[in-house]
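**Student:** Sequence:
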Amino acid sequence: MAPDTATRMNTSSHPQPAPLATKGLGRSWAAAGLLLVCLFAGTLFYLSGTTDYQGEEQKPLTAATPPSPLSPPATATAGVPERPSAPPSTTGQEAPSVLPADLAALPAAQRKAIFLRLLQPVVMQALEEVAQERRRLLALTARAGLAPADRVPEPLQLLAQGATVEEAEFLTRLGRKYRARTIGDLLARVNVLPPSLILAQGAIESSWGTSRFAQEGNNLFGVWTWSADGIIPIRRDPDKNHRVARYRSILDSVRAYLLN
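If you're matching positions, the sequence shown starts at 0 in numbering that gives the first Met the number 0 and goes up one per residue.
If you're looking for bench data, these hints aren't it; they were derived computationally from the structure. Because the structure is a prediction, the values reported are computed rather than measured. If a hint is listed, it holds; no wrong ones were tucked in.
If you anchor each label on the Cβ, the simulated ranges turn out as follows:
#: 1; residue 1: Leu196; residue 2: His241; range: 20 to 28 angstroms
#: 2; residue 1: Ala199; residue 2: Pro147; range: 26 to 34 angstroms
#: 3; residue 1: Leu137; residue 2: Ala104; range: 44 to 52 angstroms
#: 4; residue 1: Glu127; residue 2: Ala202; range: 20 to 28 angstroms
#: 5; residue 1: Gly183; residue 2: Ala108; range: 42 to 50 angstroms
#: 6; residue 1: Gln124; residue 2: Asn259; range: 16 to 24 angstroms
#: 7; residue 1: Thr163; residue 2: Gln109; range: 48 to 56 angstroms
Computed list of lysine to any residue pairs in SDA-like fashion (alpha-carbon distance at most 25 angstroms, straight line):
#: 8; residue 1: Lys111; residue 2: Ala94
#: 9; residue 1: Lys176; residue 2: Leu192
#: 10; residue 1: Lys111; residue 2: Pro194
#: 11; residue 1: Lys239; residue 2: Glu215
#: 12; residue 1: Lys176; residue 2: Leu158
#: 13; residue 1: Lys239; residue 2: Asn259
#: 14; residue 1: Lys176; residue 2: Trp225
#: 15; residue 1: Lys111; residue 2: Pro193
#: 16; residue 1: Lys176; residue 2: Ala141
#: 17; residue 1: Lys176; residue 2: Ser248
#: 18; residue 1: Lys176; residue 2: Gly221
#: 19; residue 1: Lys176; residue 2: Met123
#: 20; residue 1: Lys176; residue 2: Ala162
#: 21; residue 1: Lys176; residue 2: Val222
#: 22; residue 1: Lys239; residue 2: Asp228
#: 23; residue 1: Lys176; residue 2: Pro152
#: 24; residue 1: Lys239; residue 2: Ser226
#: 25; residue 1: Lys111; residue 2: Leu198
#: 26; residue 1: Lys239; residue 2: Gly229
#: 27; residue 1: Lys176; residue 2: Arg188
#: 28; residue 1: Lys111; residue 2: Met123
#: 29; residue 1: Lys176; residue 2: Gln200
#: 30; residue 1: Lys176; residue 2: Gly229
Where a beta carbon is used, it is the ideal one built from N, C-alpha and C, also for glycine.
Let the sequences and hints guide you as you build the complete structure.
**Tutor:** If you want it as structure tokens, here you go:
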């Protein structure tokens, strides 16, 4: 029995190195595998988050969740069309003419998303109109040999230079519309602005489409007028006589903004 006992004692007091090496190697592989799993999961999470963020950057005017139905349209006043009860999609749809009457009743995040989604196609339509005017202006001035320092010519002068009646009327009308005296002034004014700038200023000036002027007169930018059909500001000084312009549509409001 003694030899067996000694053998067992020697075995327990001097363990073989191979099992220890195998055990350590197994732990190393387990740690490496766990690290790879964590890295893979983190990469997937990062890519997923990046895709969502980029999608929001590319489509900043689309609400994250479908908006709840708005209340019934308000009654039209002072020649302003009735307001839609739900915001249309910007995909393949014409720009809306007016804003919903009950934007103020919606949660702030939803109200802002709806306002931007409604205003985006309006802004893009107005900018495209200006871009078309500019392309036509550049082509006409090049054919007529007009320099930036030249005054905007009268129709007869353009006709004498070989322009058509339509072209002569277009240039004269454009000069009056943008209140430009020279070709250089006209080229400077008939130009587009960043859509983000128009959207931001419209949101600020109209309180995201909820201001009195936006609701009653489709005026998104607080543009003044001295016309009798304008809206009288409640806090207007007694010695003032200005009013806030009233527009048929929010598109007309953006058009007027681009002229200022």
